[in-house]
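Novice: Which chain is which? The protein sequence lines are A and B, in order.
Under our numbering, the first sequence has 91 at position 47, and the numbering climbs by one with no breaks.
Under our numbering, the second sequence has 201 at position 186, and the numbering climbs by one with no breaks.
If you're looking for bench data, these hints aren't it; they were derived computationally from the structure.
Predicted, not measured: the structure shown is a model, and the values here were computed from it.
Hints are all accurate, no fakes.
Reference excerpt, derived from the structure (chain B facing chain A, CB under 7 Å, subset only):
id	residue
1	L73
2	A77
3	R80
4	D230
5	R231
6	A235
7	R238
8	A239
9	P247
Sample of chain B residues facing chain A (criterion: CB under 10 Å; computed from the structure):
id	residue
10	W62
11	G78
12	L234
13	G265
Coverage of chain A stretches by chain B, computed from C-beta distances (three or more under 8 Å per stretch; other residues unrestricted):
id	stretch
14	253-259
15	325-338
Ideal placement from N, C-alpha and C gives every residue a C-beta, glycine not left out.
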Amino acid sequence: MPHIETIRLKPYYALAEPPALGYQVVEVSDVREERADPAADKAPPPAAVVRQQPHWSEMESRDLDVRAILAKAKLELRNERYRSRPWRLERYGAQCLFYPLRVWWRIFRLSFVWTVTMLVLAATLRGHEAGEAWLPRLPLLLVPLALLGATWSFLRQVLRLAVSGDRERLPVFGLRDTGVAYCAVMAATAFLAGPVFFLAAAVWFWVHAGALERVDQLVLCQLWLCAGVSWTYLLLAIDVRGRLLDAQAKAAALLIRQQGWPALVFPLLGGASVALFVYLSVRVWILSFERGFEAFILQFMLWCVALFLWTFLLRWYGLSRYWRVGRQQTSPSPREHPAAV
Amino acid sequence: MMTSSWPGIEQPGSTRLFLEARPRLGHNPAWVILSLSVVFGRQAMKWILGYAVGAILLVAPAGVRVWLRPLATPGSLDAAAVHEGKMLFTHEWTVNDPLCPTGDGLGPVYNATSCVQCHSEGGVGGSGGLKHNVTTFSIPAARPGKPTTGVIHAHATSDRYQENLTHAHGALPHLERPTLKEIQELERTRPNLVQVGQRNTPALFGAKLIDELPDRVILANERAQKLRWRDPDGRGLTVPVGRALVLADGRVGKFGWKAQSSSLLAFVQAACANELGLGNPGQAQPVPLVEASYRAPGLDLTTQQCQQMAAFIAALPRPLKKTPDGVQGQQSVARGRQLFNSIGCAECHVPDLGSIEGVYSDFLLHRMGGDLVGDGGSYNAPQPSPSPGLDSPLSDEWRTPPLWGVADSAPYLHDGRAATLQEAIMLHGGQAAESLRKFRGQSVGQQADLINFLKSMRAPG
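Go ahead and model the full structure; you've got the sequences and the hints to work with.
Specialist: Structural data, given as structure tokens:
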């Protein structure tokens with residue numbers, strides 16, 4: 045008797061709509077028919093395997109099974125959309141430069157949404173005193189927070205796919221994914237756990253520095269960089285185990301110890317680029333009050349360049365870990381690789 | 016006598032007394048660390064401390080920079096210089112004055128014959144009335160560039176040097192010594208781009224404190240306003256975000272209606288040249304508009320004389336706060352102060368700035384709206400050369416005048432168009448429009464409280 049895979053799903057999983065045409069309908073056999081071992085029939089079947097007697101008819105039951113299979117097939121087909129033609133896995137850092145080009149359309153979409161949101165928020169929030177009618181405008185913060193979550197979710201996928209050495213799937217950008225909310229919380233936690241301290245120090249120093257001399261500008265640069273780099277480190281530290289509690293220096297130190305130089309270099313580069321990006325965005329914000337369209341174009345280009353850069357860096361960072369694991373496995377050294385922990 | 020474990024605290028041999036005198040635990044860092052270790056555990060505490068130390072090390076350069084910043088130290092005044100300065104300040108200058116051995120003395124064009132002639136309201140060094148207003152003009156250059164600005168002087172040492180409005184621009188009427196009313200009537204008839212206005216004499220009390228105010232305090236206030244109102248360019252028309260005018264010497268302008276002078280000495284030098292026609296090392300005397308070829312034989316004042324006059328002005332006392340005697344009056348002033356803060360007046364008229372208490376100014380340029388447009392002239396001083404990215408003051412931009420001594424400095428606003436404090440408030444616009452709206456929304460009694468508060472700020476004389 046040919047083996048037929050049976051999928052058991054609860055009745056509520058049934059599709060609301062009838063199956064679309066074009067799918068191949070597979071006949072599902074009864075559970076008892078697939079058991080080859082007669083001894084197993086004698087023993088009382090485990091509760092998970094034996095289907096409870098449904099209160100609907102046999103016909104309806106089979107229909108539900110078909111629908112469940114179709115739902116799974118549909119899901120797989122949907123995921124197929126994000127599976128591009130396999131490419132040859134990158135072997136050098138420079139080859140990772142092509143990776144952002146594979147997701148250029150998603151980067152453009154994300155950049156466009158960010159640009160519009162930022163300029164609208166800048167125009168909305170301008171000219172209101174901090175304490176004045178703050179509460180009604182508080183929900184506005186949810187918009188950038190959600191976008192932040194979507195952005196980090198996108199970049200996180202880039203990193204994860206690279207770590208696993210994936211050369212087929214591409215990261216997805218969308219606000220519908222459930223991970224977006226968690227990614228927003230991750231980004232906010234990482235920001236509050238360190239960068240906010242440096243940012244506050246930088247703002248305080250800038251306000252009270254008077255006419256900025258070269259030394260003052262250097263100090264400001266240093267604080268700004270600390271904010272950007274610490275944010276990147278903490279984000280990556282949280283990402284290792286997906287625990288918000290890892291938003292601390294200890295986890296970041298462990299990250300460097302376990303992953304070696306890539307965990308030292310890439311967050312530094314990423315953090316520096318984040319700091320530079322925020323600084324340039326503020327300059328564009330100032331420009332937007334007088335020349336809105338130019339500011340829009342500049343901000344959009346800034347976002348595109350930044351997302352290309354971050355995608356490239358994360359791909360390189362993730363693949364560097366993948367390459368390292370591969371080298372460890374082929375090397376005769378019996379020592380367990382820390383990246384595999 | 017028992018000595019406690021806390022340094023500097025000596026206790027008698029009583030435990031109770033010792034406990035009472037023990038400082039709070041939070042004052043001792045060792046106790047704080049110990050307590051936290053108990054709460055979080057030793058290992059976690061190690062990491063927290065490491066984290067804190069790392070963060071402090073990263074912030075250390077900023078801290079060192081702040082620590083090494085030179086402090087503003089109040090300068091001492093030389094009594095002899097002050098005495099000489101007083102003599103110069105009250106001196107009636109004449110043509111070929113004996114105090115000007117190398118120059119031509121008063122003139123050839125001037126507005127007054129002595130400093131005290133204008134600065135006399137509320138005592139020597141105070142403000143001046145409408146009759147001492149100075150007429151200024153601003154004409155855009157034919158080609159892109161700096162406009163022509165200057166002063167139309169009221170008097171001249173000779174009739175052939177006497178200036179009138181026609182000398183500034185051919186389309187203006189032949190008016191010598193125009194009054195404020197005549198200038199205001201000109202608004203309707205003058206050519207569009209030609210601006211003519213007047214400046215009222217400001218009081219000089221407390222000028223030393225303003226002179227010693229570090230630039231960074233003014234800049235800090237400017238940046239705080241930008242942050243508070245999220246207006247990074249400081250050019251908003253409706254929110255009180257001012258801008259500091261950075262002059263050619265890199266310093267921030269603090270004196271003058273357009274913040275055109277960065278120091279008291281520069282302000283004195285500009286005033287001596289423009290008002291009295293006394294050329295000095297800081298600024299040359301003005302050439303008559305009708306006699307462009309006029310050349311002064313030499314400087315009228317030396318640097319030392321200018322410094323002596325500045326020393327005398329610096330020695331003038333600061334204005335006072337005089338509260339009424341009655342309880343009701345005092346309560347009214349207190350309510351007025353509260354209202355002053357709550358409706359937003361204190362956004363620009365900052366009560367305390369740096370080390371100066373009760374100055375009620377931020378010394379920033381604010382846009383005051385279309386009703387308070389004046390010529391963009393800079394009092395014939397050298398044009399401010401702002402730092403890159405900034406422009407000269409706009410025609411509706413004015414430096415926030417300090418409100419200390421405001422009760423004894425009528426008339427008000429840059430050209431004295433407001434005879435009373437109430438009128439002056441009502442003429443506010445632009446960035447102060449929201450505060451004015453709130454002021455209008457108050458009851459008559461509350462408005463009176465605010466006026467009473469302003470009237471409590473008196474000249475020292």
